[in-house]
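There are 2 protein chains.
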Amino acid sequence: MAKPDKREEIVKASLELIAEQGFHGAPMAMIAERAGVGAGTIYRYFENKDVLITELYRELEERIFPAIQEGYAPDKPIREQFLHLSTGLLKYFIENSLDFRFIEQFHNSPYGVACRRDKLMGTKAGCDIFHDLFEYGISQQAMKDLPLVIIFALAFGPILAVARDHILGFIVLDEAMIARTVEACWDGVRR
Amino acid sequence: MAKPDKREEIVKASLELIAEQGFHGAPMAMIAERAGVGAGTIYRYFENKDVLITELYRELEERIFPAIQEGYAPDKPIREQFLHLSTGLLKYFIENSLDFRFIEQFHNSPYGVACRRDKLMGTKAGCDIFHDLFEYGISQQAMKDLPLVIIFALAFGPILAVARDHILGFIVLDEAMIARTVEACWDGVRR
DNA sequence: TAAAAAGGAATGAACATTCATTCCGTAAAT
DNA sequence: ATTTACGGAATGAATGTTCATTCCTTTTTA
Numbered sequence: 052m053a054k055p056d057k058r059e060e061i062v063k064a065s066l067e068l069i070a071e072q073g074f075h076g077a078p079m080a081m082i083a084e085r086a087g088v089g090a091g092t093i094y095r096y097f098e099n100k101d102v103l104i105t106e107l108y109r110e111l112e113e114r115i116f117p118a119i120q121e122g123y124a125p126d127k128p129i130r131e132q133f134l135h136l137s138t139g140l141l142k143y144f145i146e147n148s149l150d151f152r153f154i155e156q157f158h159n160s161p162y163g164v165a166c167r168r169d170k171l172m173g174t175k176a177g178c179d180i181f182h183d184l185f186e187y188g189i190s191q192q193a194m195k196d197l198p199l200v201i202i203f204a205l206a207f208g209p210i211l212a213v214a215r216d217h218i219l220g221f222i223v224l225d226e227a228m229i230a231r232t233v234e235a236c237w238d239g240v241r242r
Numbered sequence: 052m053a054k055p056d057k058r059e060e061i062v063k064a065s066l067e068l069i070a071e072q073g074f075h076g077a078p079m080a081m082i083a084e085r086a087g088v089g090a091g092t093i094y095r096y097f098e099n100k101d102v103l104i105t106e107l108y109r110e111l112e113e114r115i116f117p118a119i120q121e122g123y124a125p126d127k128p129i130r131e132q133f134l135h136l137s138t139g140l141l142k143y144f145i146e147n148s149l150d151f152r153f154i155e156q157f158h159n160s161p162y163g164v165a166c167r168r169d170k171l172m173g174t175k176a177g178c179d180i181f182h183d184l185f186e187y188g189i190s191q192q193a194m195k196d197l198p199l200v201i202i203f204a205l206a207f208g209p210i211l212a213v214a215r216d217h218i219l220g221f222i223v224l225d226e227a228m229i230a231r232t233v234e235a236c237w238d239g240v241r242r
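Protein chains in written order, with the working numbering: chain B, 52 to 242; chain D, 52 to 242.
Derived from the structure by calculation, the hints contain no laboratory data. Watch out, some of these pointers could steer you wrong.
Identical chains share a label here; the pair holds if one copy fits it or two copies do between them.
Here are the simulated DMTMM-like pairs of lysine to aspartate or glutamate, each with C-alpha atoms no more than 20 Å apart in a straight line [stated by the list, open to error]:
(1) K195 to E234
(2) K195 to E226
(3) K127 to E146
(4) K57 to E106
(5) K195 to D179
(6) K57 to E155
(7) K195 to D238
(8) K195 to E60
Make a model of the complete structure from these sequences and hints.
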């Protein structure tokens, strides 16, 4: 239990500190302290800080995509599917604000650009569900015939912005407001 | 002419370096070098790096808002006004990608949060045109009756995402595509 | 008791900022 | 007209701080 335990503590401490303070409010020494380990110990589990951060991001993705697919029914109408996935994503971010904050930091950093590129080029898995849904939606004329990148922007742009506003305390999103927001996103992409 | 010249060089160098490399690819020494001044000279014009960055942001805002108001006609229908302003914003970002990249960096940093807070609280000027338009649009039942923060998210979320994708080279936005994207944003906010 | 793991002080690189000095244009003095 | 004095602008080497990373010692495990 000792070994995986420490690793986990380190990852958790990194997530918290980076989410709360940004990359630069999270020096290795502080991560070590919060994780309750020595500074050198981190390097037994992660080659360097970059690897730690990249690994953390990977682990978050692995949590998120299964979570939002909960109860996903690929046979329902496109609109329903869209609402289901988008609502799931927004709720996940609201309920796991540390994850959201970290991911935002990550995307707005040198790491993030390479990652985005991989994703769009299809090199990387993860957004596949959305990717497939959008392609299907367009082919069925249920959604606007725009490049996928733009559909992604129309769908996720507002979701991320709203999640940010909620987490920063600029607004309180209850069930109803979440539903109305996601509906509005659908209005943006639907034909 | 000598005095404003140096200051301007410093601001320009900062914009370029921060936009291209992020805050951390822009040490003061490098800014000084690119500006063609000594490292100490920067401190004759700006108290410290924070002040330099904040000042730079302020100057950018002063350029942007007038630019997108070009030809704005407050008597046209709400839809037209929305399309005009949003198109202007998107085009500005595409044509001034350094500005866009810097602003994104800024918003995703400790500076940015305080700034957003000020904006939403109405403490800060700038978004007034949008603010007013949205409030009017809602009151006229032309736009969805959602909190302003959410309307902002629906309108600007996609615009910023699309500008980012264009600048990173994931897509090429021509006139037609810009128009279709902005129309889609309108679909998101309109009743 | 040997090997693996953990610890944390020591190291050195990167950085923002400072400050003693130089430079240069203007103006007073001769 | 030439020299001298002055003051603010500019400079960049020096400083002190903050980190990521290393390395050697101590502790735990097998």
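Could you figure out if K195 and E234 sit no more than 20 Å apart (CA to CA) within one copy, between two copies, both or neither?
both (15 Å within a copy, 11 Å between copies)
Within a copy, between copies, both or neither: which one fits K195 and D179 at a CA-CA cutoff of 20 Å?
within (19 Å within a copy, 31 Å between copies)
At most 20 Å between CA atoms: does that hold for K195 and D238 within a copy, between copies, both, or neither?
Both: 10 Å inside a chain and 11 Å across chains, each within 20 Å.
When Cα atoms must be at most 20 Å apart, do K127 and E146 count as within-copy, between-copy, both, or neither?
Cα proximity of K127 and E146: none, with 26 Å in one copy and 42 Å across.
With identical chains, the pair K57 and E155 could be close in the same copy or across copies; at 20 Å between alpha carbons, which is it: within, between, both, or neither?
Cα proximity of K57 and E155: none, with 26 Å in one copy and 36 Å across.
Cα distance capped at 20 Å. Does K195 pair with E226 within a copy, between copies, both, or neither?
Result: close only across copies, 17 Å inter versus 27 Å intra.
Check K195 against E60 for me: Cα-Cα at most 20 Å, and say if that holds within a copy, between copies, both or neither.
neither (45 Å within a copy, 45 Å between copies)
At most 20 Å between C-alpha atoms: does K57 with E106 qualify within a copy, between copies, both, or neither?
within (15 Å within a copy, 44 Å between copies)
In the structure shown, a violation is registered for the earlier hints numbered 3, 6, 8, in ascending order.
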